[in-house]
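Residues per chain are reported as follows:
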Amino acid sequence: MSRPFNPRSLVSPLLLGMLAAAFVPGCATKGPDVGQAAAPDGFDEIVYAVRQNTVGSGKTVTIDVADGMGQVMDYGRYVPGARLEVRNLTNGDVRNLIEGDRFAKADIEGMDLSFDAKKVVFAMKLDDNDNYHVYTANLKQGTDAKNPYGVRQLTSGMQDDLSPIWLANGNIAFITNQNYTQMGTRADEYNHGRRVTQVGTISEVGGDADRKLCSQNLSHVFNLFRMKSGQIGYSRWEHLENVNDSKLFAMNPDCTKMVALAGQHGNKQVNSLVQVTEALDKNVFVAVGTDRERTIQAGTLLQIDARSAVDDSNHDEERATFDVITPSVPTGGDSSPVGRYRTPHMLPDGRLLVSWADGYVNDVNELSQTPPDFGIYIYDAKTRRNQLVFNDKDTWELYAQPVATSVEPPPLDSVQTTQDSTIPLVIGSIDVRQTSLFTVHQNTVGGAQFADGTPMDQALGSAVKVRIIEGFSSEAAPNVTMFGLTMAEGAAILGEAPVLPDGSWRANVPPYIPMHLQAVDEYELAIRSQTTWIQGMPGEDRVCGGCHEDRSAANHPSAQQQPIAATQIQNFMQPIADRIEYPWQMTQGMGTLGTNSLELQSILDAKCVQCHDGTKNGNDAQETYSVTMTDRDTGKKTTYKLSRLDLSSTPVTVTYDRRTATYPASYVSIFYPNALSMEMGQGATITGSVPPAWGIPSDARHSLMIEKLNVTSAIDGTKNAWKLGDAFSDSTITKDGYVGVKGGTRTMHPENVGITLTRDERKALIRAFDMGGQFYSRQNTGFQAYGADPVAAATPPTTSTDPMYPTP
Amino acid sequence: MRTSTKSLKSVALTLVAGLLFSGASVAGTTAPPANDPNLTVGRAAVYQQLPASSLEQLSTPDRIVSITQGSTAPTEIWRVLEHGEKVECLDCIPDVAKLLYDGNAKTREISAWWLRRRIFGVFGAGEVYSQVLSTLTTGTTDAARSYAAEALGEFLVRDGIAPVAKAAVSDTSSMVRRSAVRALERLNNEGPAAELATALADQEPEVRLAALHATVSINVFSRLDAIVARLSDDSPDVRRRAAEALGTMRATDAVVGLIGLADPAQESDPRVRTAAIGALGRIGDSSAHDAVQAATGDSDPLVQSVAQIALRRL
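The listed protein sequences correspond, in order, to chains A and B. Just add 169 to wherever you are in the first sequence, counting from 1, and you've got the working numbering. Just add 98 to wherever you are in the second sequence, counting from 1, and you've got the working numbering.
It is worth saying that the hints were derived from the structure and are not from the lab. Keep in mind it's a predicted model, so treat the numbers as computed, not measured. There are no misleading hints in this set.
A short list of chain A residues far from chain B (calculated; beta carbon distances all over 10 Å): (1) 310; (2) 581; (3) 738; (4) 768; (5) 794.
Label-pair ranges, simulated between beta-carbon atoms: (6) A:797 / B:348: 50 to 56 Å; (7) A:888 / B:320: 54 to 60 Å; (8) A:922 / B:203: 54 to 60 Å; (9) B:229 / A:789: 36 to 42 Å.
On the chain A side, residues computed to face chain B include the following (Cβ under 10 Å): (10) 234; (11) 321; (12) 325; (13) 347; (14) 461; (15) 465; (16) 533; (17) 799; (18) 802; (19) 837; (20) 841; (21) 951.
Every residue, glycine too, gets a C-beta built ideally from N, C-alpha and C.
Generate the whole structure from the sequences, applying the supplied hints.
So this is what it looks like as structure tokens:
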């Protein structure tokens, strides 16, 4: 937003008047243009970054509030004019560590003070044509007139390296949007083209020469924070279908042992946990809690106690507690004039050095052309008061830390020393039946052989396989509008590891890539789908206790000293082309169907369209319903007619020139009813009766088409997932014309009409539904691997001399 | 972010309007109750036990329409459309389509993203997609053609590749050519006749810069020689980015040219020297050792520090 330039008008008198009436916590009054409080005990100086929100001079200025900060994980904000200041709170002296023409157009993102309090590491973008890179600077002036504070550039290149923090032994962790892995540009399906950020590490001495890239999540990793344990703490955006939030994780500095820290369970009270500082007690944290978007990455302050009840030096994510310590500050995107916090830092006396802005701190600022004014305060949770430390009304002061030494965490031994992606990651479980999903979280399952409300631990006793699913974003399936009528990401099966008699399983899988797991029963149906991504490094061995085992209990093999899987490891180190995908339909010659894959439409063409096409549906004539779009400007109505269950490849009228976004009638028939259920009955004008939800993405167990087909046990061919002869789960007939599954009672279909589906064909349909019901995969989009992948392409090792990873 | 000149009076009026409007527009963003049916779609329907704060909160169709009518903060527009990802509101489509030509770049991007996720009403004959294609070639203003190119990039439809590739090298406006290049990047494609390489030699630096950015983002770029040629570009910004791109691609063929850019006698801009030396370190070819060694004594402190690090990689 823009307006005439007048610094005094940056805070509107009108807005201030409204704020005065509504403001609740602490320092309600605005100080002078440059306000400053007396020095707190324990330190004389603070170091912080100054970031700009206003550009221009003369008659026109541009006020930029949300660009690059619209969502909590965004990092693209660049407004020139940053400073890196050390301010003496006793005498008011200020020195800028990045003085000079070279830094005149710089912006700073993230900063951390070294343990000896002598230097800072920070991310800086020198000008509009630059990227953010990692730099260090000394706090004390040296003798080099050209470089008085010894600024050093540690990383370079055409990627953004951001949010650096110090680790033990002079190492540095940061986040980067550098492309790596064969997927190339990994973009969160939900966050458009913005490249996701992952963790990397360097040493202070070696910089890029020691650059190491950690394994990837499907969405952003951001806001790194130090941990007393020596681990790297971080916020991570979780996006699995309609799960969308930011939780806390940790990993070792060598990129191994990624673990959940907090936010996965319990009532975290906010959507996003970001900008964390560890409290005086180990594994107790203070975070900013806020909504995903519209709060300029600011929010309330929460204390998170993630200490294990058994050993408080360890953490227990499933029993973490969350307490809002600034109760008057909104926990979400509420339109509140109270104000919001950013970048807390724990002080030695237990108070918090914070950035704070009065007012709405959201898009009201955008509309009113009045940027929120982040200044530096000390927040005392006991008195619930902010004490002004320093504020310049014209700029944002962020990332403040006291200039004081801190305890360097212990270095953690590195077990991971290679970035060779041909060396597998090993994953597995000691016993999948060990779970806290019911005992602690009351999770249950229903559908098929399980009555509704079946405890999860009981259901997991039926697991015979663990399905390992790779996730990828639309960049790996080029030129598709979306993966289909589903929120699900791209998916490929790396393999299904058998659950051995003691409940254990183990498999070699490609490193770096995000995956999630499904426990699978004897009917090929997922019992439980993991709702978070896992990943690991080359050579790492990540064996869990069970399927979400109790975090505070010991996990022992059920029968003997070592799990059976310790010596029976599966090998799923497959090139991309050999991974199992289920493209619904191979489109216009794009791509090649893998030898382990199946095209679903070909199954339907061979076994289903005889009875389910555009004119007939089983023994009946095909029924239709329609949806209508009305252009409110012209009044023009466009109607789209859909079949109740047409399993043919006939293109539905959703294409442009029959070449774009073509979906066959089968795909639309199966998944559109469920898609319509998401619109809350308000959006489309529907004529006729919407059919039952034949296909529910990620839920074959409740998909009526799978129930109609039915499936036998892989162990006992006389058993069926859905008991033969019983009524279908949904055979409802309502007054308004809705009709559930027709055709009497449960049978094996289409065998009951003389057509045989092979087990592989039936399995393919079940798996495709359980994987998310995507239309597109890599194999029907012409995927080509990223050509500048800095880590080697994953290919199966022919032989291994490493005793840890024997050749399967 | 917008750039225009307003009077103080208009600012005050805008402020009042903003506050009044905001009271209505933001009210729906607090966490919904755990039993909200809008939270029980997709995976949440499978695992009802997931906490409401973790789940997507869907926008209503009425809300989607309302944010297209003006006077809504851009951040609210972005939020409503993102949370309307799977809201199958056919009647919303004509209204959201207007946002493809909004003055805010991110609003244009997100509206295209929302539209591309519709199964009906966008890609049919005469519908939004074909209208945008037409605008790319027949739009009467540079802005309209530029925004159309951006939309085609965000639609991610293969049929958009050829028209944006053509616009990238033939439109009379550099604004349009730059948008078309960015669209090719979004489409993850260098163009049917490697138009991205042609754009690297565009007469306008901003187009060349956009093309360089695209070369390292798309999965396959076949014309390394076109990047090497930019090491002698008139624009220091272009030389800098060309060096960085060649480093990303570990282009050993470019080492000689990069050594030249590392030399202050040949390259006066320290930003370019920094980029060249960083690229030489990333490529790791030992023939660059002496040049990088010499750069540790460069007059620019940042060049020195990058050279010290690059030397460790050679």
